[in-house]
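Make a model of the complete structure from these sequences and hints.
Chains as they are written, first to last, in the working numbering: chain P, 734 to 1034; chain W, 734 to 1034.
To be clear, the hints were calculated from the coordinates, so they are not data collected in a lab.
Treat the hints with care, since some could be wrong.
When chains are identical, the list treats them as one kind, so a pair holds in a single copy or across two.
Below are the SDA-like pairs computed for lysine to any residue, each with C-alpha atoms no more than 20 angstroms apart in a straight line [unchecked claim]: (1) K832 x V846; (2) K901 x L970; (3) K784 x R941; (4) K832 x P753.
The chain contents come next:
Number of protein chains: 2
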Amino acid sequence: MARIAYINGRYLPLSMAAVPIEDRAFLFADGVYEVCEVREGALIDEERHLKRLARSLRELRIAAPLGDGAIGTILREVVRRNRVRDGMVYLQITRGVAKRNHAFPAAGTAPTVVATAYASDPAAIDRKAAAGISVMTVPETRWARVDIKTVSLLPNVLARQAALEAGKSDAWFVNAAGEVTEAAASNAWIVTGGAEVVTAPADDGVLRGVTRMVLIDHLAANGLRLVERRFSLDEALGAKEAFMTSATSAVLPVVNIDGRPIGDGKPGPVSRQLRTLLRSSPARSAPYAGALRDTRSDVIP
Amino acid sequence: MARIAYINGRYLPLSMAAVPIEDRAFLFADGVYEVCEVREGALIDEERHLKRLARSLRELRIAAPLGDGAIGTILREVVRRNRVRDGMVYLQITRGVAKRNHAFPAAGTAPTVVATAYASDPAAIDRKAAAGISVMTVPETRWARVDIKTVSLLPNVLARQAALEAGKSDAWFVNAAGEVTEAAASNAWIVTGGAEVVTAPADDGVLRGVTRMVLIDHLAANGLRLVERRFSLDEALGAKEAFMTSATSAVLPVVNIDGRPIGDGKPGPVSRQLRTLLRSSPARSAPYAGALRDTRSDVIP
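Structure representation (structure tokens):
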């Protein structure tokens, strides 16, 4: 089945979905995005994703081109047209198209809105989580505003690629002070010997991960002690457990960092408990029946 | 006249030149670019631009999709088809199109190659240079690899925009140590009381500006003393002169930083001399007669 994309009001075969070469995301990385998990056909944590999207747009002073309701409908429609039951939906909004010039284009320039959906294999992610993953550390090289979810992702690309070539699953950024900031596309966590669940504060050079925020709610409700503070690579290497959180993988135990086993080198009880909690929590929005009853993937002007 | 763009082997009206939404520059800022001055129809410093382009591609491990000769022909053809006599030609090469995934796409994925040309008004730039410009400083927020000319330019966009909204012409980045790194899209220089012409070393968190390199050659040939070292904002505020260099503006005197006049608040003799030297040097490649004799702007497969 041909994949379908939404672009500026139309649903098109992905092969036909294109943006002008003067789109500001293409020229300047001048755009923001969200990746939302799809589980059993429903969007997970939609409200939090839309709230974060609104913040990203506000921080970059891109006018929101659509209301939350319209964006939600687009996301659901893209999921439906791609027949994604489990996977993710991707949304990107850019500052629009204008003759190349660093300065913002004229007021009223329409933002570009793009969405696509991808199926994933939940069983494969479960197997990965059951085994735990190995990560390598890389120097923190990103710009200062990684708290905004922009498409300025080249250092993340290079970090992930370096990890894969080293036979690892992912990379963790470590700053000049020796502190772990986050993973290439996830938040990083440890569980200390004192049974504290530790992750860096969200205002401290890390992204405000939606799954991170959801997990924080779960911690409180399950009697686990959250500490939001920076932690060093040394502390991570000596931790009882380590794990990462993202919309695409929920909780992913990390069993090895830079070739050194964490704890006993297997996913620990807290990580496993938290993964189970997140994965078994009810989908936080109702499955989508479809705004349109047809299942054609044709162009809708 | 409709503007023309080159894209992956074809010359198209700009309005038809588009890239798939899964292009890696659009999704990840995973691409590099060059801006080359066009003067009297000729490319300025072509060889140095192509050499730097090759380095950028190498640093990001994007396979060069075309040889220097082919790229040179494309640049000339884009200039010719847009009838640009004075202005600039823009070239961008990305890691190509692939399903969204931080890791590099499969080997053999074709890079995307895009080029456009823009006319400028040399007299207007001359007037701007004659008056000198005012800049404001902004904190250095960029990623660690600004020595590579990537499209990861969002901090540059935000810096330039902040400057314009403050009534200034441009922004200078100042790092945590109080040192000027470079301008939003130019290299930054000062002339000290000791008649030293100072700019930050090119391996030190600044771009290897082509005009910067050309100017360095001119300094030696004109008995001016170059010192490549970092300089602080305080030193710049107390300097005799300040200026910026870029392919689009050559040498642009800076007469005011953060509201404080530099020297006597007018373009100084060294800045003016260097601008004259650069602007009056012979175009460093012969004007292009055209690979094709027609002047149609049609599609060429």
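At 20 angstroms max between alpha carbons, let me know whether K832 reaches P753 within a copy, between copies, both or neither.
Both. Shortest intra-copy (11 angstroms) and inter-copy (19 angstroms) distances satisfy the 20 angstroms Cα cut-off.
Pop the pair K784 and R941 into one bin, within, between, both or neither, using alpha-carbon distances up to 20 angstroms.
Only inside one copy: K784 and R941 sit 11 angstroms apart there, 40 angstroms across copies, limit 20 angstroms.
Indicate which option fits the pair K832, V846 if close means a Cα-Cα distance not exceeding 20 angstroms: within, between, both or neither.
both (18 angstroms within a copy, 18 angstroms between copies)
Is it within, between, both, or neither for K901 and L970, if the alpha carbons may be no more than 20 angstroms apart?
For K901 and L970, only the intra-copy Cα distance (16 angstroms) is at most 20 angstroms; the inter-copy one is 49 angstroms.
Taken one by one, the earlier hints all hold for this structure without exception.
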